[in-house]
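Trainee: As they're listed, the protein sequences go chains W and C. Each residue of the first sequence is one higher than the last, beginning at 1 in the working numbering. Each residue of the second sequence is one higher than the last, beginning at 297 in the working numbering.
Treat the hints as calculated values from the structure; they're not laboratory data. Certain hints may be false.
Claimed, not checked - Mimicking BS3-like on lysine-lysine, the simulated pairs with C-alpha atoms at most 25 Å apart in a straight line are: (1) C:Lys322 / C:Lys347; (2) C:Lys347 / C:Lys358; (3) W:Lys48 / W:Lys137; (4) W:Lys172 / W:Lys48; (5) W:Lys80 / C:Lys339; (6) W:Lys137 / W:Lys80; (7) C:Lys352 / C:Lys339; (8) W:Lys66 / C:Lys339; (9) C:Lys429 / W:Lys66; (10) C:Lys429 / C:Lys322; (11) C:Lys358 / C:Lys339; (12) C:Lys358 / W:Lys66.
What follows is each chain in one-letter form.
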Amino acid sequence: MARITAGVGSSHVPLLGVASDFGKDSDDYFGPIFNGYEWTRVWELAEKPDVVILVFNDHASAFDMKIIPTFAIGCGEQYKPADEGWGPRQVPDVEGHADLAWHIAQSLILDEFDMTIINEMDVDHGLTVPLSMMFGKPDKWPCKVVPLAVNVVTYPPPSGNRCWALGEAIRKAVESFPEDLNVQVWGTGGMSHQLQGPRAGLINREWDNRFIDGLIGSSDALRHIPHLEYLRETGSEGIEMVMWLIMRGAMGKTTRLLHRHYHVPCSNTAIGHLVLRPDNGEGLDMTGSDFAAAAE
Amino acid sequence: MTGPTDIHAYLAAFDDIPGTRVFTAKRARQGYQLNQFAMSLMKPENRERWKADERKYLEDWKLSDEQREALLARDYNRLLDLGGNVYFLAKLFSTDGLSFAQAVSTMTDMSFEEYTRMMVGGGRSPEGQRSIKEGR
Numbered sequence: 001m002a003r004i005t006a007g008v009g010s011s012h013v014p015l016l017g018v019a020s021d022f023g024k025d026s027d028d029y030f031g032p033i034f035n036g037y038e039w040t041r042v043w044e045l046a047e048k049p050d051v052v053i054l055v056f057n058d059h060a061s062a063f064d065m066k067i068i069p070t071f072a073i074g075c076g077e078q079y080k081p082a083d084e085g086w087g088p089r090q091v092p093d094v095e096g097h098a099d100l101a102w103h104i105a106q107s108l109i110l111d112e113f114d115m116t117i118i119n120e121m122d123v124d125h126g127l128t129v130p131l132s133m134m135f136g137k138p139d140k141w142p143c144k145v146v147p148l149a150v151n152v153v154t155y156p157p158p159s160g161n162r163c164w165a166l167g168e169a170i171r172k173a174v175e176s177f178p179e180d181l182n183v184q185v186w187g188t189g190g191m192s193h194q195l196q197g198p199r200a201g202l203i204n205r206e207w208d209n210r211f212i213d214g215l216i217g218s219s220d221a222l223r224h225i226p227h228l229e230y231l232r233e234t235g236s237e238g239i240e241m242v243m244w245l246i247m248r249g250a251m252g253k254t255t256r257l258l259h260r261h262y263h264v265p266c267s268n269t270a271i272g273h274l275v276l277r278p279d280n281g282e283g284l285d286m287t288g289s290d291f292a293a294a295a296e
Numbered sequence: 297m298t299g300p301t302d303i304h305a306y307l308a309a310f311d312d313i314p315g316t317r318v319f320t321a322k323r324a325r326q327g328y329q330l331n332q333f334a335m336s337l338m339k340p341e342n343r344e345r346w347k348a349d350e351r352k353y354l355e356d357w358k359l360s361d362e363q364r365e366a367l368l369a370r371d372y373n374r375l376l377d378l379g380g381n382v383y384f385l386a387k388l389f390s391t392d393g394l395s396f397a398q399a400v401s402t403m404t405d406m407s408f409e410e411y412t413r414m415m416v417g418g419g420r421s422p423e424g425q426r427s428i429k430e431g432r
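Looking at chain W on its own, in the form it has when it is part of the complex (with noise of 0.2 Å):
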């Protein structure tokens, strides 16, 4: 069976794609950031997950005015980098996991969430970044990936409450899958920033942190926060953090911490990132192998 092993919550700044891209990921401003990064690229490769259930937000690429899907899984063979507006990033395509992404789907769509399916599209640095952060520069991604577009642009976005529950939806869907698969969930964007208006740059380092608190252990406090104390807090692109929430609710009840990392300012933003394991509340994972090691 398909099983969820790990959580990663990210931040997916465009300018760390091209800080990577051009090599300046070790530089004086780049340095710090990447670097919180490194303890997850040695992780991972011991990892080795077989699909990432990534989700992220697309800024106004894959989709602009037309059609604006509030949740939508990709379910396409192949995905490729998407231009937006100085041409495509020079990374590898992406490969989809078309069987598990459609059986997701209709796990999904009977737990009543109204998906959009999606079979093509191009997918831009909220999904492309991240795997840079967390792969480094391979020529073939190392696992798949199942992309899943949330709608943080246009208002409303969903509530928290219910990126929660399609997380926890997420899991039920991933463990009915008869394949034997390591999957992992990543939340992307965030954390706190600002892109417009005369408050530009806003960053609250305590709120995020206290964010990053919140998705560590059993609460599930963070759930209920409403878009107004996100707007108010974290400027209005801090909306983002909404979609770590649906890989916390994936995570199930528990979790326990791996990794946190957390870095002002990258370009506009603050940095946040963090690795978290399933957790039974004993300091079992939830992932089959502590079970076996407690059973010794």
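Given the coordinates of chain W, assemble chain C onto it according to the supplied hints.
Mentor: Coordinates of chain C only, in the frame set by chain W:
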């Protein structure tokens, strides 16, 4: 639950956030053509046509005079007021060769250098920036 039950109260609260234009349905509707114009700049051939003659390029789009003038003036705060969204307008400033941070700084009362210094110093504090009514 996090979902508000009263859509009017939900939307009205956004007006209480200082210096922020939330991309509501009202703005999305007003800015439809403006944002789709910006999307058109994702194609290299359109970027070339736009750079060759901006006014002529805009003739193909059903924009208001105000939107047209704000575009030509690169008045981004005005464009947000007229229904523009920053992710769409990003196509315009990338065509101009500006970085996100450079473009974003033009919406503040700071120069790009001052804005950069603020970000390196930890960004704009939320103190006094949360609510107009409550002054916090």
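Trainee: Against this structure, judge whether each hint is valid.
Mentor: Hint by hint, here is what the structure shows:
1. Restraint check for Lys322 of chain C and Lys347 of chain C: the C-alpha separation of about 30 Å exceeds 25 Å, so the hint is violated.
2. About 19 Å separates the Cα atoms of Lys347 of chain C and Lys358 of chain C, which keeps this hinted pair within 25 Å; it holds.
3. Taken as a hint, the Lys48 of chain W and Lys137 of chain W pair is honoured in the structure, with Cα atoms around 16 Å apart against an allowance of 25 Å.
4. Annotation: proposed proximity of Lys172 of chain W to Lys48 of chain W holds, straight-line Cα distance about 22 Å (limit 25 Å).
5. For the suggested pair Lys80 of chain W and Lys339 of chain C, the alpha carbons sit about 16 Å apart, so the restraint of at most 25 Å is met.
6. For the suggested pair Lys137 of chain W and Lys80 of chain W, the alpha carbons sit about 16 Å apart, so the restraint of at most 25 Å is met.
7. Distance check on the hinted pair: Lys352 of chain C and Lys339 of chain C sit about 17 Å apart at the alpha-carbon level, within 25 Å; holds.
8. Taking the CA atoms of Lys66 of chain W and Lys339 of chain C, the gap is near 17 Å; set against the 25 Å cutoff, the hint holds.
9. Distance check on the hinted pair: Lys429 of chain C and Lys66 of chain W sit about 36 Å apart at the alpha-carbon level, beyond 25 Å; violated.
10. Proximity of Lys429 of chain C to Lys322 of chain C is assessed by CA-CA distance (about 23 Å); at most 25 Å being required, the pair is judged to hold.
11. Note on Lys358 of chain C and Lys339 of chain C: the hinted pairing holds, with a Cα-Cα distance of about 19 Å set against a maximum of 25 Å.
12. Restraint check for Lys358 of chain C and Lys66 of chain W: the C-alpha separation of about 16 Å stays at or below 25 Å, so the hint holds.
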